[in-house]
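Sequence lines, in order, name chains R and F.
Just so you know, my numbering puts 44 at position 58 of the first sequence, and the rest follows in order with no gaps.
Just so you know, my numbering puts 25 at position 39 of the second sequence, and the rest follows in order with no gaps.
Just so you know, not all the hints are guaranteed correct.
Pulled a few chain F residues facing chain R out of the computed Cβ check, cut under 7 Å [what the hints assert, rightly or not]:
| hint | residue |
| --- | --- |
| 1 | V30 |
| 2 | L34 |
| 3 | L63 |
| 4 | I95 |
| 5 | R97 |
| 6 | S98 |
| 7 | R110 |
| 8 | T139 |
| 9 | V146 |
| 10 | L147 |
| 11 | L180 |
The calculated lysine to aspartate or glutamate pairs, modelled on DMTMM-like cross-linking and capped at a C-alpha distance of 25 Å, are [what the hints assert, rightly or not]:
| hint | chain 1 | residue 1 | chain 2 | residue 2 |
| --- | --- | --- | --- | --- |
| 12 | R | K42 | F | E154 |
| 13 | F | K14 | F | E1 |
| 14 | R | K42 | R | E29 |
| 15 | R | K14 | F | E154 |
| 16 | F | K42 | R | E154 |
| 17 | F | K14 | R | E29 |
| 18 | R | K42 | R | D13 |
FYI, nobody ran anything at the bench for these hints, they're computed from the structure.
A virtual CB, placed ideally from N, CA and C, is assigned to each residue, including glycine.
2 protein chains.
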Amino acid sequence: MARTGRRPGDSGTREAILDAARETFADKGFAAASVRAIATRAEVDAALVHHYFGTKTDLFVAAMELPFDPAAVVPALLEPGIDGLGERIVRFFLGVWAQPVPRARIQAILRSALTEETGAALLRDFVTTEVLGRVAAALGTPDAELRATLVGTQLVGLGVLRYIVRVEPLASADADAVVAAVAPTIQRYLTGEL
Amino acid sequence: MARTGRRPGDSGTREAILDAARETFADKGFAAASVRAIATRAEVDAALVHHYFGTKTDLFVAAMELPFDPAAVVPALLEPGIDGLGERIVRFFLGVWAQPVPRARIQAILRSALTEETGAALLRDFVTTEVLGRVAAALGTPDAELRATLVGTQLVGLGVLRYIVRVEPLASADADAVVAAVAPTIQRYLTGEL
């Protein structure tokens, strides 16, 4: 009965869904959290959740205020093929970190992952499924998951040292110089000899 | 001569020096903080600080509870020469992170660097001087500082994803497999084409 109590268009409903999503993702992790469980917690119909936020991934992106949606970005980066993928990934990544608002959001997410086990588990779960899983599927090799996580190590470390800790001369280095230095690492992790 | 027996007040003095060191390093950064300023803040003689803790670097290591002293470790890693340096660095690094207490300490330091500007500045200052500076001096090339910071990006990201966020299959991967995958990256950053 309570499910019909909230009407579409109520901004309180959107906030209630986002709150329920954050709580449910934190409780269960990304993979095990269902849109239905989130809807139940928010006391709305699951169809309303989809209507407002789209897929579970879209809802996660909205609830966590992620700076980009990997469901859109990862396929776009993969689409031109494996050649040059390392360079495209590094350029995209530098572009996101270079903007203050996305950077602050990534920093907050990393801080949460370093501070509490729940934060680490949630990040791990989402990144594994939605980012690394997509890259690994595109590579299609037996060690593709390990390769994708190695890519992650280089990108996370680059972001932390260049944009948060701001170690010189890396912090002030030209983006092209950083791409030239790091893209071969990413490409080797993706397709080279390990 | 009096060092054989602990006199009343000794442990209080040591703690006062460590507190003063933490405050002074936080205020001024590693490079600008002097042992004399720390001694003044602790209301002891500078000679007593040296007597208890050795050099300023040693004092920093003690005050920050760093899991290793780069003044000892970096030269030891560099000593056999540039060949195989990437592999030695990765093996050492995995060995430190694999132990719970050092890992917890590194995690706390990274968290501080991600949380507050003071933490980031202090880490940046110390790592630049005591770790990257030593590696860069050993390389001796014009771009040695950039190379050393690139090494740092790969190591930090590896530590965060393998040991803190624990993304699979990287977290459970055999150390030898991780060394085989990552050592060539480190070696290329140190001596390869960028």
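Hints versus structure:
no., hint, verdict
1, V30, "32 Å, violated"
2, L34, "33 Å, violated"
3, L63, "19 Å, violated"
4, I95, "10 Å, violated"
5, R97, "5 Å, holds"
6, S98, "10 Å, violated"
7, R110, "5 Å, holds"
8, T139, "4 Å, holds"
9, V146, "6 Å, holds"
10, L147, "5 Å, holds"
11, L180, "5 Å, holds"
12, R/K42 to F/E154, "22 Å, holds"
13, F/K14 to F/E1, "20 Å, holds"
14, R/K42 to R/E29, "17 Å, holds"
15, R/K14 to F/E154, "18 Å, holds"
16, F/K42 to R/E154, "22 Å, holds"
17, F/K14 to R/E29, "53 Å, violated"
18, R/K42 to R/D13, "15 Å, holds"
Hints 1, 2, 3, 4, 6, 17 from the earlier list are contradicted by this structure; the remaining hints agree with it.
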